[in-house]
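The whole structure should be built from the sequences, with the hints applied where relevant.
Read top to bottom, the protein sequences are chains H and B.
Just so we're aligned, residue 854 is where the first sequence starts under our numbering, counting upward by one.
Just so we're aligned, residue 36 is where the second sequence starts under our numbering, counting upward by one.
I should point out that these hints are in silico values taken from the structure, not numbers from a laboratory.
Among these hints, one or two may not hold up.
Simulated crosslink set (DSSO-like; lysine-lysine; CA at most 30 angstroms straight-line) [claimed, not checked]: (1) H:K915 <-> B:K130; (2) H:K931 <-> H:K915; (3) B:K91 <-> H:K897.
One-sided and incomplete, this derived list gives chain H residues near chain B with beta-carbon spacing under 8 angstroms [claimed, not checked]: (4) Y886; (5) Q894; (6) G895; (7) P896; (8) L898; (9) Q901; (10) V908; (11) D909; (12) L944; (13) R948; (14) E955; (15) Q956; (16) F958; (17) G959; (18) G961.
Beta carbons: idealized from backbone N, C-alpha and C, even for Gly.
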Amino acid sequence: EAGVAQSPRYKIIEKRQSVAFWCNPISGHATLYWYQQILGQGPKLLIQFQNNGVVDDSQLPKDRFSAERLKGVDSTLKIQPAKLEDSAVYLCASRPVSSYNEQFFGPGTRLTVL
Amino acid sequence: GNSVTQMEGPVTLSEEAFLTINCTYTATGYPSLFWYVQYPGEGLQLLLKATKADDKGSNKGFEATYRKETTSFHLEKGSVQVSDSAVYFCALSDKNAGNMLTFGGGTRLMVKP
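And the structure:
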């Protein structure tokens with residue numbers, strides 16, 4: 854079974870530029886999460902989708918971050934414009950309906966904002 | 036709100052030493068508890084979990100017991116190997132909050148031969 858796929862793996866941009874990350878969850882997983890992991894810290898949830906609907910986006914800085922999952926499968930996370938403090942690893946995770954708790958994580962996208 | 040506190044690292048041990056990484060939590064309900072591991076250059080992997088009080092999760096020689104009375108979920112291994120070198124994250128999942136994971140800050144373990 855293929856795991857959660859993310860791209861790109863690494864991205865370097867200058868502040869005020871825009872960037873987008875892509876996630877393809879495990880096939881059949883209805884729930885998808887985006888987390889931000891700042892160096893030396895644990896991941897922090899940004900947004901949770903159930904199919905193509907948003908369940909929780911209370912931690913998403915909506916003035917600059919946006920995310921969508923239009924067809925209930927792939928998802929994109931966008932930052933526009935980026936700030937220095939957005940430098941982090943962005944993790945995507947998915948969870949099947951049958952597993953009440955376990956989330957499966959992708960390898961992450963490491964973003965560096967200069 | 037929910038929170039997880041784990042001991043800061045790095046923890047440096049010699050091969051075959053005993054490992055304990057402390058984890059305590061605060062939660063409003065009855066969460067499930069997890070340990071995730073992050074090897075260098077890789078994504079987070081579930082190491083073990085426990086879904087109710089007194090449950091013991093175990094995997095690859097690691098163990099952790101869900102202690103409701105002390106709100107703890109300490110990770111232990113009797114004999115660590117160099118290949119166990121990684122960052123370990125304690126986390127909780129609250130079904131009343133969409134099963135989102137709340138993570139601790141992570142503990143880096145370095146095992147020397």
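Against the structure, the hints:
no.: 1; hint: H:K915 <-> B:K130; result: holds (25 angstroms)
no.: 2; hint: H:K931 <-> H:K915; result: holds (10 angstroms)
no.: 3; hint: B:K91 <-> H:K897; result: holds (26 angstroms)
no.: 4; hint: Y886; result: holds (7 angstroms)
no.: 5; hint: Q894; result: holds (6 angstroms)
no.: 6; hint: G895; result: holds (3 angstroms)
no.: 7; hint: P896; result: holds (5 angstroms)
no.: 8; hint: L898; result: holds (5 angstroms)
no.: 9; hint: Q901; result: holds (5 angstroms)
no.: 10; hint: V908; result: holds (5 angstroms)
no.: 11; hint: D909; result: holds (5 angstroms)
no.: 12; hint: L944; result: holds (7 angstroms)
no.: 13; hint: R948; result: holds (7 angstroms)
no.: 14; hint: E955; result: holds (6 angstroms)
no.: 15; hint: Q956; result: holds (6 angstroms)
no.: 16; hint: F958; result: holds (4 angstroms)
no.: 17; hint: G959; result: holds (6 angstroms)
no.: 18; hint: G961; result: holds (6 angstroms)
Hint compliance for this structure: no hint is broken.
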